[in-house]
Amino acid sequence: EPEVTQTPSHQVTQMGQEVILRCVPISNHLYFYWYRQILGQKVEFLVSFYNNEISEKSEIFDDQFSVERPDGSNFTLKIRSTKLEDSAMYFCASLINSGANVLTFGAGSRLTVL
Amino acid sequence: QKEVEQNSGPLSVPEGAIASLNCTYSDRGSQSFFWYRQYSGKSPELIMFIYSNGDKEDGRFTAQLNKASQYVSLLIRDSQPSDSATYLCAVGGGTASKLTFGTGTRLQVTL
Numbered sequence: 001e002p003e004v005t006q007t008p009s010h011q012v013t014q015m016g017q018e019v020i021l022r023c024v025p026i027s028n029h030l031y032f033y034w035y036r037q038i039l040g041q042k043v044e045f046l047v048s049f050y051n052n053e054i055s056e057k058s059e060i061f062d063d064q065f066s067v068e069r070p071d072g073s074n075f076t077l078k079i080r081s082t083k084l085e086d087s088a089m090y091f092c093a094s095l096i097n098s099g100a101n102v103l104t105f106g107a108g109s110r111l112t113v114l
Numbered sequence: 001q002k003e004v005e006q007n008s009g010p011l012s013v014p015e016g017a018i019a020s021l022n023c024t025y026s027d028r029g030s031q032s033f034f035w036y037r038q039y040s041g042k043s044p045e046l047i048m049f050i051y052s053n054g055d056k057e058d059g060r061f062t063a064q065l066n067k068a069s070q071y072v073s074l075l076i077r078d079s080q081p082s083d084s085a086t087y088l089c090a091v092g093g094g095t096a097s098k099l100t101f102g103t104g105t106r107l108q109v110t111l
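Sequence order for the protein chains is S and A.
Letter 48 of the first sequence, counting from 1, is numbered 48 in the numbering used here, and no numbers are missing.
Letter 83 of the second sequence, counting from 1, is numbered 83 in the numbering used here, and no numbers are missing.
Just chain A, with the same shape it has in the complex (with noise of 0.2 Å):
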């Protein structure tokens, strides 16, 4: 069973403050790495994706791949208060394969 864990939170930091958001998941083979943002009742917005080792970077969003250690992780600079959603990690095998979610952690950006 391929398994995708994140810590659920609520994850609470303060306006302009970095937030940190952690998954790991158990298939050594999955080869495309996403996170989507979920507000509640409505369904995931891909905030970015990530194939290879290291770090991609969008905006105030940067992605972490490590392969080896099975880690994926997003950090989010200058949080906002809109930024306050859940947070689902989604792990892929090869092209236009299905995808394996985690359960999401919750994040809330205090003002």
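Chain S extracted, bound-state conformation (with noise of 0.2 Å):
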């Protein structure tokens, strides 16, 4: 069964670095999602991603984050200067059109910051 990837599956990075994370969405769909889940907190809306451009994002996504799909397969999350609050589970979600809402989760991108 077609699955979405993540990459990596943990990182560990201290404050103020910059962070990339890597997703490779199912190769038929259209509409790309991070969501972050912080330890014990709930899963939370970061960014959707449709036609090579921010379809919309939440409070959370700063200007700290951005999102781009540098080709035809990767959809990457880079957090430029990261700060402790951002230690959480980002989670990457692909749809394959609009006639449904049924999200498909990659398994996750662990990250701590130190």
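You may find that some hints are simply not true.
Derived lysine to any residue pairs resembling SDA-like cross-links, with alpha carbons at most 20 Å apart [unchecked claim]:
# : chain 1 : residue 1 : chain 2 : residue 2
1 : S       : Lys42     : A       : Gln1
2 : A       : Lys56     : A       : Ile18
3 : A       : Lys2      : A       : Leu65
4 : A       : Lys42     : S       : His10
5 : S       : Lys57     : A       : Gln1
6 : S       : Lys42     : A       : Arg106
7 : S       : Lys42     : A       : Ser8
No lab work stands behind these hints: they were computed from the structure.
None of these values were measured; they are calculated from a predicted model.
Dock chain to chain to rebuild the complex, using the hints, since each chain is given by itself in its own frame.
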């Protein structure tokens, strides 16, 4: 069964460092998302991406965050200068088309900021 | 602020019993409703989705939606120890819209 692939599975970084989390969505999916989940808290929407541009973003997704789809397969989330509170599990998700709202989530990337 | 509320639990049910999980949401414009299962340290896994008022059954799972009461529920029949997990209710708007998640209800199925 097709799956969303995320790398790295776990990254440890120092506060202030830049981090790039990578995702390979399912090949025929058109909509892409990043969600995060701080340990013990709810899953929170960060950003959605369609047709090579951001379609919606949350208040969490400030100027420190950016997304891009550098080629036909990868979808990346960049955090420019990490803070302690960025420590979380980051989930990439994709959606085949607008006919259904059924997301497929990746396994997640755990980010630990020291 | 759109909210999705769930009882955090834990909800403890004996093996073979019916587990009933509940969720309320604040945005009356919500159009799509999802139940995800999440094991500790893992990503959410879709259990069921429902768009219309009423019941939707899939195997041991039944989702119930009441838009007038802004209430969604999930029934798990013949609960198994492998059903022990956190169940996340998620609510969305129109097509391809973002999902708003509840904090989840932790279910424990005891032998």
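Here is how each hint holds up against the structure:
Taking the CA atoms of Lys42(S) and Gln1(A), the gap is about 15 Å. The hint holds against a cut of 20 Å. For the hint pairing Lys56(A) with Ile18(A), the CA-to-CA distance comes to about 16 Å; that is within 20 Å, so the pair holds. The suggested pairing of Lys2(A) with Leu65(A) holds, with an alpha-carbon distance near 18 Å, which does not exceed 20 Å. Straight-line distance between C-alpha atoms of Lys42(A) and His10(S) comes to about 12 Å, which keeps the hinted pair within the 20 Å bound.
Among the hinted pairs, Lys57(S) with Gln1(A) is consistent with the structure: their alpha-carbon atoms are about 14 Å apart, no more than 20 Å. Of the pairs offered as hints, the one joining Lys42(S) and Arg106(A) holds, with about 12 Å between alpha carbons and a cut-off of 20 Å not exceeded. Distance check on the hinted pair: Lys42(S) and Ser8(A) sit about 11 Å apart at the alpha-carbon level, within 20 Å; holds.
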